[in-house]
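Could you build the full structure based on these sequences and the hints that come with them?
Going down the list, the sequences are from chains A and B. Be aware that the first sequence starts at 1, since it is given in the working numbering, and climbs by one per residue. Be aware that the second sequence starts at 1, since it is given in the working numbering, and climbs by one per residue.
Please keep in mind that the hints were generated in silico from the structure rather than gathered at the bench. Cβ atoms here follow ideal geometry from the backbone N, Cα and C, with glycine treated the same way. Be aware that a few hints might be false.
[To be verified] In silico lysine to any residue, SDA-like type, Cα no more than 25 Å apart, as pairs:
# : chain 1 : residue 1 : chain 2 : residue 2
1 : B       : Lys310    : A       : Gly249
2 : A       : Lys80     : A       : Ile224
3 : A       : Lys336    : B       : Ala243
[Unchecked claim] Listed below are several chain A residues computed to face chain B (Cβ distance under 8 Å; list not exhaustive):
# : residue
4 : Asp32
5 : Met133
6 : Val208
7 : Gly262
8 : Arg274
9 : Tyr275
[What the hints assert, rightly or not] Just a few of them, taken from the derived set where beta-carbon distance is under 10 Å, the chain B residues facing chain A:
#  : residue
10 : Pro132
11 : Arg190
12 : Thr192
13 : Val208
14 : His235
15 : Ile236
16 : Pro255
17 : Thr258
18 : Val386
Protein chains: 2
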Amino acid sequence: MNNMETSSSHSVGLVETQQVTLFDEGDPMPLDCGRSLGPVQVAFETYGTLNENGSNVILLCHALSGNAHAAGRHHPDDKKSGWWDNYIGPGKPFDTDYFFVISSNNLGGCDGTTGPSSINPESGRPFGLDFPMITIGDMARLQKALLAHLGIQKVLAVAGGSMGGMIALQWALDYPDDLAGCIVIASTPRLTAQNIAFNAVARQAIMVDPHFKGGDYYESNHPINGLAVARMMAHITYLSEQALDIKFGRRMQNPDATQADGFDQDFAVESYLRYQGSSFVTKFDANTYLYITKAMDQFDPFPDPETTAKRLEPVNCRLMVMSFDTDWRFDTSRSKELVKILNMHNKTVSFEEFTSQHGHDAFLLKSPDYQQSLSSFLVRLYQDFVHGPAQAMAQGVSDQ
Amino acid sequence: MNNMETSSSHSVGLVETQQVTLFDEGDPMPLDCGRSLGPVQVAFETYGTLNENGSNVILLCHALSGNAHAAGRHHPDDKKSGWWDNYIGPGKPFDTDYFFVISSNNLGGCDGTTGPSSINPESGRPFGLDFPMITIGDMARLQKALLAHLGIQKVLAVAGGSMGGMIALQWALDYPDDLAGCIVIASTPRLTAQNIAFNAVARQAIMVDPHFKGGDYYESNHPINGLAVARMMAHITYLSEQALDIKFGRRMQNPDATQADGFDQDFAVESYLRYQGSSFVTKFDANTYLYITKAMDQFDPFPDPETTAKRLEPVNCRLMVMSFDTDWRFDTSRSKELVKILNMHNKTVSFEEFTSQHGHDAFLLKSPDYQQSLSSFLVRLYQDFVHGPAQAMAQGVSDQ
Numbered sequence: 001m002n003n004m005e006t007s008s009s010h011s012v013g014l015v016e017t018q019q020v021t022l023f024d025e026g027d028p029m030p031l032d033c034g035r036s037l038g039p040v041q042v043a044f045e046t047y048g049t050l051n052e053n054g055s056n057v058i059l060l061c062h063a064l065s066g067n068a069h070a071a072g073r074h075h076p077d078d079k080k081s082g083w084w085d086n087y088i089g090p091g092k093p094f095d096t097d098y099f100f101v102i103s104s105n106n107l108g109g110c111d112g113t114t115g116p117s118s119i120n121p122e123s124g125r126p127f128g129l130d131f132p133m134i135t136i137g138d139m140a141r142l143q144k145a146l147l148a149h150l151g152i153q154k155v156l157a158v159a160g161g162s163m164g165g166m167i168a169l170q171w172a173l174d175y176p177d178d179l180a181g182c183i184v185i186a187s188t189p190r191l192t193a194q195n196i197a198f199n200a201v202a203r204q205a206i207m208v209d210p211h212f213k214g215g216d217y218y219e220s221n222h223p224i225n226g227l228a229v230a231r232m233m234a235h236i237t238y239l240s241e242q243a244l245d246i247k248f249g250r251r252m253q254n255p256d257a258t259q260a261d262g263f264d265q266d267f268a269v270e271s272y273l274r275y276q277g278s279s280f281v282t283k284f285d286a287n288t289y290l291y292i293t294k295a296m297d298q299f300d301p302f303p304d305p306e307t308t309a310k311r312l313e314p315v316n317c318r319l320m321v322m323s324f325d326t327d328w329r330f331d332t333s334r335s336k337e338l339v340k341i342l343n344m345h346n347k348t349v350s351f352e353e354f355t356s357q358h359g360h361d362a363f364l365l366k367s368p369d370y371q372q373s374l375s376s377f378l379v380r381l382y383q384d385f386v387h388g389p390a391q392a393m394a395q396g397v398s399d400q
Numbered sequence: 001m002n003n004m005e006t007s008s009s010h011s012v013g014l015v016e017t018q019q020v021t022l023f024d025e026g027d028p029m030p031l032d033c034g035r036s037l038g039p040v041q042v043a044f045e046t047y048g049t050l051n052e053n054g055s056n057v058i059l060l061c062h063a064l065s066g067n068a069h070a071a072g073r074h075h076p077d078d079k080k081s082g083w084w085d086n087y088i089g090p091g092k093p094f095d096t097d098y099f100f101v102i103s104s105n106n107l108g109g110c111d112g113t114t115g116p117s118s119i120n121p122e123s124g125r126p127f128g129l130d131f132p133m134i135t136i137g138d139m140a141r142l143q144k145a146l147l148a149h150l151g152i153q154k155v156l157a158v159a160g161g162s163m164g165g166m167i168a169l170q171w172a173l174d175y176p177d178d179l180a181g182c183i184v185i186a187s188t189p190r191l192t193a194q195n196i197a198f199n200a201v202a203r204q205a206i207m208v209d210p211h212f213k214g215g216d217y218y219e220s221n222h223p224i225n226g227l228a229v230a231r232m233m234a235h236i237t238y239l240s241e242q243a244l245d246i247k248f249g250r251r252m253q254n255p256d257a258t259q260a261d262g263f264d265q266d267f268a269v270e271s272y273l274r275y276q277g278s279s280f281v282t283k284f285d286a287n288t289y290l291y292i293t294k295a296m297d298q299f300d301p302f303p304d305p306e307t308t309a310k311r312l313e314p315v316n317c318r319l320m321v322m323s324f325d326t327d328w329r330f331d332t333s334r335s336k337e338l339v340k341i342l343n344m345h346n347k348t349v350s351f352e353e354f355t356s357q358h359g360h361d362a363f364l365l366k367s368p369d370y371q372q373s374l375s376s377f378l379v380r381l382y383q384d385f386v387h388g389p390a391q392a393m394a395q396g397v398s399d400q
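Shown next as structure tokens:
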């Protein structure tokens, strides 16, 4: 947590995704849409050790295409580690020497948690579009149920980037007495018309794929072409224009190709996007893409002053809002919008914008300033709310 | 030209698209790719009257989805007038009381000029992807041939927005002695990796549509779903985030719909985009979309300092570069990039950025400052290069 210089080599090591079944048909999970779900499976991973009084829990919330595997590797020969491995582990901001970190696949997901590709107990077949509409609030509710199952009533902090930041914010609103800190990164209190527009085109690309068949495709070909187009387009919004220029510019994939090669003559950025699209469809479900983007579109906890005041009245955690200067999916002004709302209602909120070339994806990537701020916020929470090992932490802080 | 207050009501009235066949199999049109085309049909419209010495010609260049119909109406009950009607007509910047304005459908188009949907004389069937790869240079070359056919050797100005601006710039480079002025609006000297990425995803959406069939779809269903997705995505880039927020915000299409209505509960911006997509496919050819976007991707007249110097050395027209502050498809920095190159090579170039809410589409919309600048540039050209009626014009200028 405090040793920045060498922290990047520290990993949580080999980890396993666990799975638990919560709720059942007799006692199902209530959803915001009025329907209910049960049983509900949840995939999750944990890193670090729960302390005796259960005061060192950090809950991580993943973004649209994430999953429970936030850190470490499942097998020694995995090429990639978990999606937030840069920030989770001994000596990293989510310091597993001090914290017990929990990461679960979101409700509606396709990586171990119940979603549209799961079996509908009523039909014995995959839900498809019979899956109920879900909200960011439902996602937080399922995480709360998972923690209850694990015997955890309160968390030290909830943190997430992008849609994960929305879920973290939802925690502060829905369970105000159950968290001390809330970290909202590269996120927004609501999608703009442009954000919704991009999501709408992505959904359209999926739904016009002839293999989509109204979402009932699990027993035949999946709508991978439409999903790949959706992902390619979304991927453009995850990267800054600057990052694309530095990484690809106008470089050709095959420098010997000529204009006469026609549509086979690709710019490197085209090949890259096609690769992103085709690899995404091997691990993601098109219906999940529809449900999750719709949940993002509909997230709007502060639609009017009255609701805002009512929702924020009980909120008493410390909030940290972070943004990146080249993020154009959820740019800094969206974070400032959230900070303004929180400040107007006298909440304890910090805000920092970081410089990065990497656009929206910056929240996943290494950056000393961002790392330092995350660490500092977490160290202060630890010092103030976790009592036992605070001495070692304090020493670390004074060294910084 | 000089009467700003009442100019908006002045129309060129009823117009007709004309069509001419240029080149033939024995004397085909050479293309940059090394292949050739002949015969080549060109659709065009003219507004105003050619003066005696042929010195009052203005050539307009349309953007990706434009056509020859730039002004007026084809039928009295047409709901819409031509795409640049705001700026063409008596008393408007492209003042048909003074100028003879020519607008033609671009090579590769689908509205009367030879393109991939035209009949390939070798096969007797539509070209499809057998159509040769074309460039912005080829588009300018066909316009030059059209003018030659009309007996016009020199033009007073070439003007265009977006891709039309690229064609206008190409004119200044390829026919430096044949134009006095060049107006490049909301355009760029080259596409960035992000621009190319958006075009690549649009092409992918078209090509994965099962009706695409390698471009050979003219005798069956067209790949309208893919083309609609491509258009929906591109349309987002034509509008500023601000314009989308003002026009749609988070308004629902059906305010009575609830979250439980699922994917049928649309935000207004979704319905709007779907409408844009579905109306576009009734008038545009998917193969043309592929060819034209590829030509844009490959446009790069200044790839290195040596080529730049060589290309610009003979350029001696006056150039006017214009941009709009909320345009994020080709933002102001792209125009400045062009201006910098031109200035470094001692070209006569003016530059102006206009304030607008409307993003890239602003070049088509009414705006007093933009209109004034267009007018002023054209008035000066008229005064300096068109001799007969200059007295009336000069009076107009002094009134401004």
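Chain B contact restraint on A/Val208 - CB to CB distance below 8 Å: Holds, about 4 Å.
Given hint B/Val208 near chain A, where the shortest CB pair must fall under 10 Å: Constraint on B/Val208 satisfied, holds at 4 Å.
Chain B contact restraint for A/Asp32 - C-beta distance below 8 Å: Check passed: Cβ of A/Asp32 comes within 7 Å of chain B, closer than 8 Å.
Minimum beta-carbon distance criterion (10 Å), B/Thr258 to chain A: 8 Å, holds
Agreement of A/Lys336 and B/Ala243 with the hint, judged by alpha carbon distance not exceeding 25 Å: 20 Å, holds
Residue hint A/Tyr275, partner chain B, criterion CB-CB below 8 Å: Violated: closest Cβ of chain B sits about 12 Å from A/Tyr275, beyond 8 Å.
Agreement of hint B/Ile236 with chain A interface, Cβ distance less than 10 Å: 5 Å, holds
Restraint satisfaction for B/Thr192 [CB to CB of chain A, less than 10 Å]: 6 Å, holds
Evaluation of the interface hint that places B/His235 against chain A, nearest CB under 10 Å: 8 Å, holds
Hinted contact A/Arg274 with chain B - closest CB pair below 8 Å: Given a least distance of 7 Å, the restraint on A/Arg274 holds.
Restraint check, 10 Å cut-off on beta carbons, for B/Arg190 near chain A: With a closest approach of 7 Å, the B/Arg190 hint holds.
Supplied contact hint for A/Met133, tested at 8 Å Cβ to chain B: A/Met133 check passes; min Cβ-Cβ to chain B is 5 Å, inside 8 Å.
Going through the hint list in order, the structure does not satisfy hints 9, 16 and 18.
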